[in-house]
Amino acid sequence: MSDAIKHECGLAFLRLRKPFAHYQQKYGSVLWGLNKLYLLMEKQHNRGQDGAGVATVKLAVEPGYPFLSRIRSNQTQPIADIFKQIGAEVNELQKFNSEISHYPGLMKGHLSFLGELLLGHLRYGTQGKNDVNFCHPFIKRHTIPARNLALAGNFNLVNTDELFEVVNMDPGVFQKQSDLAAMMEVLHHFLVKADEQNPQALDVISVLKKALPLFDGGFHVG
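If you count the sequence shown from 1, position 3 lands on 3 in the working numbering, and the numbers rise without skipping.
In case anyone wonders, no lab produced these hints; they're calculated from the structure. Backbone N, C-alpha and C fix where the C-beta goes; we use that ideal spot for every residue, glycine too. Hints are supplied without guarantee of correctness; some may be wrong.
To be verified - Taking CB as the label site, the calculated pair distances span:
id : residue 1 : residue 2 : range
1  : 216       : 75        : 42 to 48 Å
2  : 161       : 25        : 51 to 57 Å
3  : 142       : 176       : 19 to 25 Å
4  : 105       : 158       : 45 to 51 Å
Construct all of the structure, not just a fragment, from the sequences and the given hints.
Here's what the structure looks like:
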């Protein structure tokens with residue numbers, strides 16, 4: 001790749017492979033993953049002049065409990081604003097139970113953004129307005145866990161109209177202004193179909209193989 005990096009959006013992703021107790025014991029904080037996500041995003045802060053967002057996923061959650069959380073900001077310092085809000089939730093929890101930080105399982109159950117999958121995005125807008133609704137990650141929620149989806153990335157698709165036709169969707173004004181909205185609908189379309197065909201063993205690779213060839217343009221996505 002010879003083209004110089006200019007004004008692309010920033011993307012950060014972490015997958016924690018150990019239980020939260022491991023990070024508490026080794027690093028002294030159950031928030032190790034969130035702290036690392038902050039550092040990864042802060043190193044790219046020049047790419048987030050129009051906003052930022054974070055989505056986290058908790059694994060092995062009991063049915064009926066939330067596992068996907070998202071926060072976005074288009075403030076002047078969006079990264080700081082996001083992690084200030086996350087920190088406020090931590091402080092509020094510790095105010096009512098000062099010993100809870102010693103119990104990683106309880107922390108996971110009570111903190112919205114304490115997940116094993118962490119996705120961060122910094123927006124340098126090329127489409128849409130300076131509106132928080134255009135900040136990534138975008139999410140789709142569903143009562144069936146396997147059909148939930150969170151996406152963020154850097155895009156320049158040239159066939160969004162055709163993508164909406166693939167899923168028989170008449171896009172609104174917002175969707176027409178966002179490449180990610182088009183990609184989201186296509187990926188979710190194939191995700192739902194794959195889950196319907198084999199709900200016991202969702203094949204994500206097959207979903208990507210069907211969806212990715214439809215996208216005409218340049219992108220990276222998480």
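| Tell me, which hint numbers fail for this structure? | Hint 1 is the one this structure does not satisfy, whereas the remaining hints hold.
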